[in-house]
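Protein sequence lines, in the order shown, are assigned to chains H and R. Just so you know, my numbering puts the end of the first sequence at 485, numbered straight through with nothing missing. Just so you know, my numbering puts the end of the second sequence at 453, numbered straight through with nothing missing.
Since the hints were derived computationally from the structure, they do not count as laboratory data. For each residue, glycine too, the CB sits at the ideal point set by N, CA and C. Heads up, some of the hints might be wrong.
The calculated label-pair distances, taken between Cβ atoms and stated as ranges, are [unchecked claim]:
1. H/334 - R/362: 53 to 61 Å
2. R/268 - H/347: 52 to 60 Å
3. H/375 - R/257: 29 to 37 Å
Stretches of chain R that chain H covers, calculated by requiring three or more beta carbons in the stretch to come under 8 Å of a beta carbon on chain H [said to hold, decoys possible]:
4. 236 to 242
5. 273 to 282
6. 290 to 303
7. 414 to 426
Each computed DSBU-like pair below joins lysine-lysine, with the alpha-carbon atoms no more than 35 Å apart [as the list claims (entries may be wrong)]:
8. H/234 - R/291
9. H/258 - R/324
10. H/378 - R/324
11. R/307 - R/371
12. R/307 - H/184
13. R/324 - H/328
14. H/390 - R/307
15. R/439 - H/390
16. R/380 - H/480
17. R/291 - H/318
18. H/390 - H/378
19. R/298 - H/258
20. H/328 - H/318
21. R/320 - H/390
22. R/320 - H/155
23. R/307 - H/318
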Amino acid sequence: MNNLAETLPQAPLVTEAAGNEHLRKKSKIITSVRWWLNFSLTLSGFAAAVAVNILVKQIANVEIKTYNVAGFSLTFNTLYRLVVGAVILLYAGIGIYSFLDHDRRAKFVSRAPFRFAMGLALAIWDILGTKLLILPQPFFPGPAKILEPFLIEADFILQNTLYSLRLFFAGFSLGVILGIGTGILIGWFPKVYYWFYPVLKMTGVIPAVAWMPFALTLFPTPFMAAVFLIVICGWFSIASLTAQGIQSTPKSLFEVARTLGAKTPYLVFHVAIPQAMPQIFTGIANANGFAFTTLVMAEMMGQPGGLGYYINLSKVWSAYYKVFASILVMALLFSLIMKIIGIIRARVLRWQKGWVKE
Amino acid sequence: MNTELSETSDMILEIRNVSHTYYDDSGNHVEALRDINLSVIRGEFLSIIGSSGCGKTTLLRLIAGLDRPETGSLALNGQPITGPDPRRGYVFQQGGLFQWLTVEKNIAAGLKARGIYRQNKDLVPRFIELVGLKGFEKSYPHQISGGMAQRVAIARALINNPEVLLLDEPMGALDSFTRADIQDKLLEIHRQNKTTMILVTHDVDEAIYLSDRIVVMTPRPGRISEIISVNLPYPRNRGSSEFLNIRRSILEKLHLASTVPQPEYII
């Protein structure tokens, strides 16, 4: 009776409408004036960074080298202004595009203070690091200075970046394939679980780089040794989470599928695996983080190339601005890879949208 | 009463001397069913009613082939039931929709599982239409209401063209308006497709509103206490005196069947 009283006011039509309403993203209405204020705020931080770079004089009389790149004469300061200018153009573009849509407008406005702070931080860093030389040198160069390596040896940085990328993709993709494969076997077959899960549990907790000496003797090339390390660090977290995901499939879903005429392959590939997908992606995200760490450490410990190798090489010459340049490339590269994995995840798990708390 | 011979000729499902016990989560031995004998007539709407723990869901699971009986036999069209089969469609209590598939793909799941999707693609929009879910094809299960989810589950079972549709309290978790809506939908489908339907429910009104025959079960051990024929024309009026008479008699039976000892009076 209690139940009836609760549900009575809800006619089916009402619940359906409410359900749809829930789907739609509710965002605040942003007026044109507010949009304009936030647009200016977003750009003013970076504009301040450029202004500081142009207007504030460097106190120490340091010679600033001019490089000739594709017919243009550039110093690191002009390159810095160009880069920040490009960021301004990018955000201006995003801002103008966002003007057309309410949801995008709200998103743009919500990010404006942070973007302003980024520009401001650049300006302050520039003053402290390059202009007034207050930060201890040569350990903390300013933001403009760390762009200099791209003028000195862009091709060498590119070469090392490509080496890191090759290493990452070889190791990570193999790790994902192996991890999902063994995870499914461990999750589905109790016999495989019995024999292999303890092995996975014991070897998985060992940091991958601990295998380094062993890997370097076992594999003919350092590249293959590093791939091996990235594979095992990805494999463990993906395999264990895939197995858990498969095992957590509710029995009732298999019963549903069997009454619909499904045989074992369908149960594995169309029930257990899709059901385990969220967990598999958690495993992939974890593995991704481990893989970056392992990659850089492996490169610093004996690779003929890569961004880690570039850091080591620069450190020897006390060229800390090059270390920062390498870190900058890593930050951009790894966030890009994370973003790509995030996009794939959102696409595969689009059925969860609005259902789980993200 | 028909003779035994003429009755067997249009029987679709035969349940003979079925007993079933299981161990519950705390390890207790539960006698779920004892000596069940039941014949289901082709094309009828049969309801199984009883209090919780009377073994009605166990019986339905045995018919579906999800569990094997300890003793006795079940046969569909004379063929013994050995496991789940799309000819015996099953609608689960909570729907059991695949959360990662859209409404459309959930309904098509049976065709895909049996590898006959390509030849039968055009069935999917027909069954979406049948259960009145046009416009929701691309929605995911969590985006639709409970009543709509149950309609998806019904369409998903029906697309396999089952000879028997087994319904395990599919309306148990729904509010009364949605429940009435789905009841009418079931009757409409029953009239159109002539599918034999076996409904497990604990709602007496629902059983009378829908069924040709009602099997009343009693708990501990689960046994059939009585089979009642409902000879009222469709659509049935829940307030008519015949309806209420049947209702009263079933309630009396369920009351008598309860485990609470009845007071005895000596005159």
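Going through the numbered hints above, which ones does this structure break? Give me the numbers in ascending order. 4, 7, 9, 12, 13, 15, 16, 19, 23
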